[in-house]
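K.L.:
So you can see what is in the structure, the chains are spelled out below.
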Amino acid sequence: MYPAQFEYEKAGSVSDAIDALSSNPEAELIAGGHSLLPTMKSGLADPDMLVDIGDVDELHGIDHGDGSTRIGAMVRYADVADDDTLREEAEVFAETAHQIGDFQVRNRGTVGGNIAHADPASDLPGAVLAADATMHVAGPDGERTVDADDFFHGMYATDVGEDELLTAVEVPHEGTAGAYAKKPNPASGYALVGVAVRLTMDGDTVTDARIGANGVMDHGTRLPDAEDAIEGTSLSADSIEAASDAAGSTLDEYMVMEDQQASAEFRLQLLGAYTERALAQAGERAGVL
Amino acid sequence: MATEETDHEDGVQAIDPDDVDTEDILGSAIERREDPALVSGEAEYTDDIQKPEMTHMAMVRSQYAHAEIEEVDTSAAEEMDGVVAVYTAEDLDVPGNLPVGWLLDSLEQVNHPILASDRVRYQGDAVAIVVAEERYQAHDAADAVDVEYERLDAVAHPGEALDDDAPVIHEEVGSNQAFDWEIGDQEATERAFEEAETTVSLDLHNQLLIPNAIEPRATVADYHPRTDELELDMTSQNPHVHRLLMSGVIDHPEHKLSIRAPEVGGGFGSKIHHYADEALTALAAKDLERPVKWTATRTETYITDAQGRGHETTGEMALDEDGNITGLRVHTEANMGAYLSTFAPSIPTYLYATLLSGQYEIPTIYCTVEGAFTNVPPVDAYRGAGRPEASYVVERLVRQAAREVDMDPAEFRRRNFVPGDGFPYETPVAMAYDSGDYQKTLDRAKEMLDYEEFRERQEQAREDGRYLGVGLSAYIEACGIAPSELVGELGAQAGLWESSVVRFQPSGTVTVYVGTSGHGQGHDTTYAQIVADKLGVDYDDIEVEEGDTDEIPQGMGTYGSRSAAVGGGAIVESAEKVIEKGRKIAAHQLEADPEDVEFENGEYQVAGAPDRSMTIQDVAGASYLAHDIPDDMEPGLEATSFFDPENFVFPFGMHAAIVEVDPDTGEIEFEEYVAVDDVGNQINPKIVEGQIHGGIAQGIGQALYESAEYDDNAQLTTGSMQDYAVPKSSHIPEIKTASTVTESPHNPLGVKGVGEAGTIAAPQAVVNAVVDALEPFGVEDIEMPLTNERVWRAIHENGGGD
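Protein chains in written order, with my numbering: chain A, 1 to 289; chain B, 1 to 802.
These are computed hints drawn from the structure, not numbers from a lab.
One thing to keep in mind: the hints can contain errors.
What the hints assert, rightly or not - The list that follows gives simulated cross-link-like pairs (lysine to any residue, SDA-like), each with its CA atoms no further than 25 Å apart:
(1) K728(B) to A81(A)
(2) K728(B) to N107(A)
(3) K41(A) to Y45(B)
(4) K41(A) to G265(B)
(5) K41(A) to K577(B)
(6) K440(B) to G422(B)
(7) K728(B) to K10(A)
(8) K51(B) to S22(A)
(9) K41(A) to N212(B)
(10) K728(B) to H34(A)
(11) K728(B) to V146(A)
(12) K728(B) to P38(A)
(13) K10(A) to K577(B)
(14) K577(B) to D593(B)
(15) K728(B) to E743(B)
Unchecked claim - Between beta-carbon pairs, the in silico distance windows are:
(16) F103(A) to E447(B): 33 to 43 Å
(17) E452(B) to S249(A): 38 to 48 Å
(18) D102(A) to E797(B): 54 to 64 Å
(19) E783(B) to G154(A): 44 to 54 Å
(20) A157(A) to E447(B): 36 to 46 Å
(21) Q104(A) to D16(B): 25 to 35 Å
Only a predicted model underlies this, so the values are computations on that prediction, with no experimental measurement involved.
All C-beta atoms in this analysis are idealised placements derived from N, C-alpha and C, irrespective of residue type, glycine included.
Next comes chain B alone, as it looks inside the complex (with noise of 0.2 Å):
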């Protein structure tokens, strides 16, 4: 398969979409049509929502991470001026209990209540509710509830939660094992360590992180007790799946129980589970017959939104006289927290390990994963889910292998990256790659940075007591995850697939609806210009609808890469199916046999016969006046789809970074940070170089700054922006990007996605490229966050620095 190259180093250029024909609108980085709305305030965010009567609910959260409830006195807080309800469990009347939706041969289901009875498993675990009049009342209120605890030992990390001595979290389960999993060919990899040349092994930690997203989770529920109808305004990124879930939790009919997603303001993840907040506050409004509203503050998302990552590994890798890869062993205590959040057994396993081969030709691997129980919020799915996890396992291998073997890195990749000719490639942890140019990436970043020059650069740099260091990172990641007959193999409890409409309105104006539910993605732009481009249609009379599940048949949300590849291939195929029904009513019209009609920019036109042609606009018009269309055909212009992809999409590139440190402090300057991406065909350059630069400005955030700190009791240390480091514009280098396209031959659109990738491939690029820079200090590895004092003690230890 063909792969084409373009470069913007200089930054792609925002182009106004009325500058834009309709047949080159694909492609094109048009700027993004929501952002007027949601830069000038007038987008509406749930928090916005106002309804009449509306009354405000704040939760009873414990504060200690592990203790057993000995008493919850409320009568404080009902006595309070405002207060409407204060709920504990014993006040809930349904199951109840949230739902694991991805199940694991050895899982440990255990019981996940919505409001804790007996015991408290993390710091902010919900144990009551208070509603009331005024938001102010409701949590002056909430603080009013007295919780009597009796404490229990806490355990915050995954290695210390699976020792035989460490509290038990879950008694019915009777250690904290949440499971044990494998994969790949034990046998053949112990033997290729038997014959291994040399071998190199690596203690990595990827620490726990907090996902930010910009707006708090919120929920505004109303309840219309004469239709039975619960209507849910939420912060979701799958509103249709929050729905079928939410149904059993609460036990309220599916059909009658409607979710909406206004804007969303970031999820990173964090807005697909199903967290116990947002049912309570469906159940108060049921129960009061009055809306509710719930609006998380900040120190609440800190210490409830799930986590991610929190790995600790251990990774070997075998090797061959000659440098080759010749066996990856992995063994991974993987951080679940305190109950299984709704995807989290699939992150630590099926989303992380199947990715360890990274870009190399690897002949046998085997992976061992243990899920751990912990005294922390539940960990799920962050921006890479499992993703970034992998590939810091084998890019920190493969820099240590190739200092191991004394060769560059980046000649070591070459040696060992699956060939260009190789694809479709099964690796041998279960995945067939689509397709890809490894090498190319690699090429096109050594020339972006100059490798060869640097190289000499650096050598002279260390002469005069510099430390210059260069790290690369050959990422892969598995996006779009599908098709759904495999994921339910695998033990998903849903399928993968998405659904659309495609509506033509009778004056020729579209309106798409898609079961993705975007939070910042630009799908509003980048779902018209594919329309556009197929129904010929201008872009403007074109409308995006998502997130509503009264108005969207069926969806399954936005995350893990996959609403291009997903959601924009059902879209195309609706796109398709209106296309043959025009077709049959614009022959008719035309006196034409269907097969002699051609569809081109909009125009349908009889075969050799250019006078006889209808735009698509009038097709729509006449299936509508439905006077004079095919007599077997309805009326009406739209399709329905629901699109189920054949495998995953695999998005590849190659990051590099290079960075000055200072031996004396620690501190890490960015001279240089290349990102060339193949994500597939662009439906937008503009909209991918900005989820590029975002995903790079989280993964450094990972690589130097952020990290979920628990002190002893499993009480959180970086509970607020002030102690836990997002990082801010100056902390984030300048970038350089470049693009590599390989379509993907698994949607009709040949995209692979792009969201998640910057976030997959900086961390080890900017480790990678400290631990070069400190290669005369002798230091092999840091851990992640960076600090300045774990670099500066690195170094220090090693003899080096003042």
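One chain only, chain A, in its complex shape (with noise of 0.2 Å):
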């Protein structure tokens, strides 16, 4: 189909973008347009005016710390999943960013954009959650940085505010190993159910676990059962099982999302089998299985 008239803006900073957005309320930011375009041309969104952050500078760039990583919002997912010190680094975030869509897609859409976007079947909020990473966020007010746990709100809803926009993502560098269990929906590629999972070890032992599901809820979402089932224990396949079953154990399966490809209640049955497929993985990269 075909979108709706809108003006286009190309901003050369963040405080330009930020000008845009509040003296336009009806403006919208545009990274790779992956998510962005394909509503306008199904009608779903008719924003007058684009506002492209997409050659800002200030947002391009994977600046590697000592204790964290900071990547900014227009970098695309191709140079995530290339990257070989993140993935020594934030094992998950790497391996979720190589998993989204295909060669063109990760070329094109940005890390920025998906997480800002909070599209709930998207692949990287369940890595964001995983890797417990901090979102840096630019306003008129200047910067400030939310937590992971604190950033999704629903269904395309984060803390983000209106006339805010989401700079960079801060990954820190914790945890043994890092997996992404993935089963996409046959048709979008989007995560049916996706599960990220970072597990930081002690010989066998699991000391701490972070568990992110995307495509489940209205947003990405931490599996506390299945991560309280699983700390402390020696990581087998006896616990690996015992927390799959505990993944949708206190999800209200109301609240999960049904669509053509699965109902809820499979949709519950698939986050067990794939927790267990992103725990088995990621126990096998930390040496352990």
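With the hints as a guide, bring the two chains together.
P.N.:
Written out as structure tokens, the structure reads:
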């Protein structure tokens, strides 16, 4: 279909973009365009103005620091997926980026666009939660940071205000191993269910587990019951099975997403199976299984 | 008839045509000559065409599946920037009714207006058109046309549509029954079931599919008022058929209408039919005296391209105590959609039920088919067109019957096959199979799968809690539908011959004009191979022209795997006429009796006198020079033929899949997929392989992923590729192919057709494999597409899985 008419403005800096958003409440930011353009073409969104932040220098670059790595909001998925250093530092984040879409999507879509859009079936929210990332958000009053656990509010809703923009994601260098197990929707490639895992090990023992799931609830969600079930145990097929059984146990089935491909009941079934796969893979990478 | 085998388990290697001698070119796996232009973007598609002063058309379509039109207000649209004209049904001064080209005795022929005036019958039915200077302006203005509707209840499924209390879609018919049709011997079949040792029955749903040609439909129309010539470039699989039909629809004389198909990006049947949009583009151009372009959006292709399949079937098989099939009884309710599309009535009748004998000797068959009007887009031919539905019914019932009599499905098939010495074979459903050796394809497939070893592995795996299954699909299809006299008796309002011209230029190069119209099949390559072989002319000296009513005498087009069998036959006939005329010229020049002049490898030679010879190129030169040709002969070297084959051709084969099913998630992994096909002689094995691969991908799409789903209001809920799962390369397994070659006696090339084979064979190979894997859970059937959830539920409801 054909989108309605709109104005287009290219922002030169973060403050340019914030000014444009503040002066026009109907304006939308456009990054890689992979989510916004299809919704405009199908008539689900018709912003008056698009503010293109794709060429804003401050939003680019991966900066490997001492305890964390700062990934600019406009960094492409492919650059994250191909960053071997990041894979050492925060395996779950790099691995998840690698599983997004296909080559074309990874060469075009941006980390910041994905996280700020907060599509519940997108891949990165689970990785943000599992990696315990910190979001950097800039607005008219300056920059602030938001913890992963406070960032996702609901379907397409985050802590980023209307005149704010996500500038970077900061990923800590923590955890022994990470993995992402994804069941793609055969039509769209989005996650019917995706489970991101970061395990911190002391020998065979799991000292810390962070598990984030996509595609199940209306926004990226931690799976605290599965985390509790695996933490403090020695990692084994049995402990992994116990954790997978716990994965969806306290999720409200009425709130679980449903679509053509999977009912809520079946999504919870997949959630267990994919939690098991993600934990097993992380265990293997940690050299335990 | 001899059956040869070829084996290409590791894939066919494409060859550079420069490395092949002319005498070896027919049957060589040469690279496709059309590909450099197609992959580099140089090829011209309809939407690439630009004309001076060209305008753009957009359609106003109903968002409801069934509604009365109360009022159409175009005033706001007419005022908008760039708008040239807005038309509603009232503004059209032509018959404007789309015809149906295949009649059945009981068929209810309903009006199919190109613009709806009083009622819309599917979501996407066109109500008005807007023409503007720019494409965006046309679409914006189409959005501004205000249509007031009174909504009516809608129905999407044939079974529900045939219920007494269903909303009636065409009031003049009084019900939703489009036709009621039968074939076979009812009495003998009833008797077979009464006397059967045992019977099996399955309710089988063959879901509606969306064709998804990569290029959406498009038309550029250009009218020349001084000469009354109306020129159309359009996405057509059969320009001459479109010209004939359109001349009636828009009331423009056929000889003043030219239709050209530029490059066409796939069709799968969806570009055979005559739709409203192309006629409306032509009318607008004629009225405005300016070129008009219309290109469907992807959304429009989802809601307006004729869809395929859509059968709800009950199939029953009668068996004796030895596991012989003694009878087959089938009742099908077929979704025809809101109107009858061009060839729609033939698809669930003559192209379906006549194939219900499959590869088997079945003493008696009886089939009834009810066509149902529903509020979905018209349903018509889609790759395979009736034959996949038939093969699905037969092969699913065969699997179930083998289980019922506790026999391995391979052995059950062997026992029931038409034997190798049983050809030609007359089925109880009006077909005479030309040739075949079904046991050979089964044996080859079993060997490739290591079938006996697999059964042991399967047993072992089940003990370990793993579920493997093998599925067989013994398919037969009827292609190259002919002869014209027969199809006329069956209701076709057209002959199904093909025409060609083979023309030498004076310099000795050749142009071939054929009435088929390729849209991805590689005809430029394969037809040139045929002509190079026949005339002994270098492959590079041959040009192939298709898809243009101004250049090609007549034609019926490309569909139903007919191009090689029928179009190829027409080319061979013209080439032979050219050779015969050339023989007379050569004899004259060589001062010999024509009967003593032999033609081989492009050279005429007087028998027994090797120094007295002339190349066919020199003969061509002499024919145009015309200084020294026989007295009673016209100059020039070309010939025209209309080839009407004596019968269909019947490709067949055995496809087999090995899958593993995860009982916890319903996920299906392919371990093997083997395809043993007999498509007769192969003109180009690389193109055959590509057709088989593509067909299988589409068949796996139907088995596992694709379905046009409609809600209670007959609104399409899988209206884009975000929701409708077209299979991707990662969904398709490695495919091992092999061939047997049984020549068809019905055309001069001995070819059988290959375009639809994979699509026909694959779905039941996959479904049978999954059902085989899940036998320990007592699962007998799962409805296509076999989504993970459906598979998981089938296991779960029988007490398996987590």
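K.L.:
Identify every previously stated hint that the structure contradicts and give their numbers, smallest first.
P.N.:
Violated: hints 5, 7, 8, 11, 13, 15, 18, 19, 20.
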